[in-house]
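> Dock chain B against chain A, hints included.
So the sequence lines, in the order shown, correspond to chains A and B. When the letters of the first sequence are read in order and numbered with the UniProt record's numbering, they come out as residues 1 to 454. When the letters of the second sequence are read in order and numbered with the UniProt record's numbering, they come out as residues 1 to 96.
Hints are not guaranteed to be accurate.
What the hints assert, rightly or not - Estimated spans, in silico, between C-beta atoms of each pair:
no., chain 1, residue 1, chain 2, residue 2, range
1, B, P88, A, L286, 23 to 33 Å
2, A, L142, B, R47, 26 to 36 Å
3, B, D31, A, L434, 23 to 33 Å
4, B, L45, A, G440, 17 to 27 Å
5, B, P88, A, A251, 49 to 59 Å
6, B, P75, A, R284, 28 to 38 Å
Think of the hints as simulated: they come from the structure by calculation, not from any bench. Glycine included, C-beta positions come from ideal geometry on N, C-alpha and C.
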Amino acid sequence: MFGATLSRWTMSYFAAALIFLAIGEMMMVLGFGYPVSSIEAPETLALVHTIALGWLSLLMAGALLQFVPVLVGRPLSFPHLAFPALVLLVVGITSLVLGFASLAGTDGLSPLLLPVGATVTIAGFGLLVSVFATTLWQARPLPLPARFVAAGLGSLVIACLLGGTYAFVLSGLADAPGAIDLTLEGVSLHAALGLGGWLSFTTMGVSYRLLTMFMLSPDRERRSSRTVWILGAAALGMIVCIVPMILVGFAGRTTVLVVAALASVIAIGIYMADIVRIYRGRKRKLIELNSRAGIGAFAALIVATVIFVALLISGQIPEGVGPLVYLVTFGWLTGMGLAQLYKIVPFITWLECYGPLLGRMPTPRVQDLVVETRAAFWFRLFYLTVAVASVALYLDSTWLFRAGSLGQLIAVNALVFEFVATRRLSNVPSNLRLPGGFTGPHLFFPSFQSRRQP
Amino acid sequence: MQPAESEELVDRIRDTLRTIVDPEMGSNIVDLGLIYDIAVQEGGLVRVTMTTTIKGCPATAFLKEAVQNCVWYVPGVEYAEVRLTYEPPWTPEMMH
Numbered sequence: 001m002f003g004a005t006l007s008r009w010t011m012s013y014f015a016a017a018l019i020f021l022a023i024g025e026m027m028m029v030l031g032f033g034y035p036v037s038s039i040e041a042p043e044t045l046a047l048v049h050t051i052a053l054g055w056l057s058l059l060m061a062g063a064l065l066q067f068v069p070v071l072v073g074r075p076l077s078f079p080h081l082a083f084p085a086l087v088l089l090v091v092g093i094t095s096l097v098l099g100f101a102s103l104a105g106t107d108g109l110s111p112l113l114l115p116v117g118a119t120v121t122i123a124g125f126g127l128l129v130s131v132f133a134t135t136l137w138q139a140r141p142l143p144l145p146a147r148f149v150a151a152g153l154g155s156l157v158i159a160c161l162l163g164g165t166y167a168f169v170l171s172g173l174a175d176a177p178g179a180i181d182l183t184l185e186g187v188s189l190h191a192a193l194g195l196g197g198w199l200s201f202t203t204m205g206v207s208y209r210l211l212t213m214f215m216l217s218p219d220r221e222r223r224s225s226r227t228v229w230i231l232g233a234a235a236l237g238m239i240v241c242i243v244p245m246i247l248v249g250f251a252g253r254t255t256v257l258v259v260a261a262l263a264s265v266i267a268i269g270i271y272m273a274d275i276v277r278i279y280r281g282r283k284r285k286l287i288e289l290n291s292r293a294g295i296g297a298f299a300a301l302i303v304a305t306v307i308f309v310a311l312l313i314s315g316q317i318p319e320g321v322g323p324l325v326y327l328v329t330f331g332w333l334t335g336m337g338l339a340q341l342y343k344i345v346p347f348i349t350w351l352e353c354y355g356p357l358l359g360r361m362p363t364p365r366v367q368d369l370v371v372e373t374r375a376a377f378w379f380r381l382f383y384l385t386v387a388v389a390s391v392a393l394y395l396d397s398t399w400l401f402r403a404g405s406l407g408q409l410i411a412v413n414a415l416v417f418e419f420v421a422t423r424r425l426s427n428v429p430s431n432l433r434l435p436g437g438f439t440g441p442h443l444f445f446p447s448f449q450s451r452r453q454p
Numbered sequence: 001m002q003p004a005e006s007e008e009l010v011d012r013i014r015d016t017l018r019t020i021v022d023p024e025m026g027s028n029i030v031d032l033g034l035i036y037d038i039a040v041q042e043g044g045l046v047r048v049t050m051t052t053t054i055k056g057c058p059a060t061a062f063l064k065e066a067v068q069n070c071v072w073y074v075p076g077v078e079y080a081e082v083r084l085t086y087e088p089p090w091t092p093e094m095m096h
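Only chain A is shown next, with the shape it has when bound in the complex (with noise of 0.2 Å):
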């Protein structure tokens, strides 16, 4: 069969994402982690991961469980395993980023916060890899976009055993050498393969299926695609490879992470050649404003790119990693993820409230659902705010950086103001709102009425 079904708990994901990217905000606004303490420093991380798997992680697991079928052209394996691991994933992530505060020396936590957290988070992904992991084994062979999904799963898998070892060391609760070992030299490798692998390569993956979906630009599988496939699963497996590496305690690894960065940055300049053929080769004159905000994405992701390799060439990544994760985690994937959302949210909404009715009444396009004059400034002022902030980092000034982050909750609640608009359906012309005495939508959780969906 051809269908995809409209998934359920896809808005619960997004709703429980924009919270904690809001909760993220708030604690850049009030100078709790870096740029206030130190890259290395609990806070920090307790920052670091209320962003990276409390808002990006959850908004990339809600958008795969409505795109996967999409991109393999069946329906998910095991859908009911999602509401078990969105809570799974809430409260670990939740025990995980207090566990860090309890670190950082806030009363009445307990450190063992920490690995109480990473194990019911590390359980909560576990669900979801396996949802996504067995549809896709059940889909061979993969259409490309699929394949860049299938090896960011294989780094979240890694990303979170080396997570996981972290939090049970940094807990006291491990202490075996090679444990140490990883926490000690391996962080760098848990970043890239959650930042690059897991969400970034992921990213990249899907973004090739919907622009050319979205936009109507010709869906072929360029060999030029599967070069940047080819090079980002080399690279990765390199950065995996550098664990075993730690672990016996062979030299040379410098050498593999130099390989795999450049592997990595000619696979983001191929990748942005094509994106510019699918903008300049779609059919849609005009542009959505989800695309048109996801070339903010696009040109952040350029710019974090050429700073990175300044910083190979120069030999100083260390000094420099502070803003350009910044500028990668905000910049391109926030970007990214707030520009698309701006899409399925109001995709997922028509096909709720008005896919049952199509060819029985007049329905509104799912373009009437948002008003995008309103959202644009919202977009803007969001990658001004971004622009700030990762200028205030290089220059190492607080307050700007404080005060750009305060720009970017602004932006960021406007727009989370928009999705709710979008749920209510406040933008829908009142003559086509709820045709036939229907009900709106929940705002966060599904419909548990009679509703028919395909």
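Positioned in the frame of chain A, the structure of chain B alone reads:
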């Protein structure tokens, strides 16, 4: 049914299907090129072959059902059958 009558029925069905607007594209499914074939057989049996812009699109079942409903209510149609296909896959060049 005479060939001329068949042709006229196909035209009426095609016109009716123009009322179904793809929610994402904002154009009707006929002009988007999603209707590959409309075949009229003896006794008012109509077979519609259609596709969607992307395989696995979550709106697929809604679009298919909308087509079935619309065709069914066209005068002269006694039975409507809708078949979904991705051979050939839809491309933007198929838009009219």
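> Which hint numbers does the structure go against, in order from smallest to largest?
Hint 4 contradicted; others consistent.
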